[in-house]
Amino acid sequence: MDLLDYYRGKLTPRRLRVLIRHLPRESALVRALHGEAAEWGLTEHLLAGAVDELAVGNWLFVAANSAEGADQPDRPRPVPRPGLEPEPDPAASTDEIAAFFGTPGR
1 MDLLDYYRGK LTPRRLRVLI RHLPRESALV RALHGEAAEW GLTEHLLAGA VDELAVGNWL
61 FVAANSAEGA DQPDRPRPVP RPGLEPEPDP AASTDEIAAF FGTPGR
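When we follow UniProt numbering, the leftmost residue of the sequence shown carries the number 1, and every step to the right adds one.
Treat the hints loosely; a few may be bogus.
What the hints assert, rightly or not - So the derived label-pair ranges between C-beta atoms look like this:
| # | residue 1 | residue 2 | range |
| --- | --- | --- | --- |
| 1 | G57 | M1 | 44 to 50 Å |
| 2 | R77 | T43 | 19 to 25 Å |
| 3 | I97 | L23 | 50 to 56 Å |
| 4 | G41 | R14 | 23 to 29 Å |
For the record, the hints were derived by calculation from the structure and aren't laboratory data. Nothing here was measured: the structure is a model prediction, and the numbers come from that model. Glycine is no exception: its CB is placed at the ideal position from the N, C-alpha and C atoms.
With the hints as constraints, model all of the structure from the sequences given.
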């Protein structure tokens, strides 16, 4: 398809719009417009959601079946998705830092 056909009058604006709207995710225009988000479709988002739910279920099982005095495992991090910034690591409070170094807290 030659885009000059639009200027020659052989390609209608409607047909050009339809062609652009239905470009595949791998096309250069779609990647330029949407960046990383173009790489992920519905299937990839659903798979990432399933992996996240499975990880949370395993985490809950381990947390529920560990001894009462044992340290609880950290909650699993979700699969990184394009276009979203990952959650920052939670900062430790002054009491947690003091307990780690064995000094009395504030």
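Hint check results:
1. G57 / M1: 44 to 50 Å: holds, 49 Å
2. R77 / T43: 19 to 25 Å: holds, 21 Å
3. I97 / L23: 50 to 56 Å: Once the Cβ atoms are compared, 52 Å apart, the range 50 to 56 Å for L23 and I97 holds.
4. G41 / R14: 23 to 29 Å: Holds, at about 26 Å.
Consistency with the previously given hints is maintained throughout, with no hint failing.
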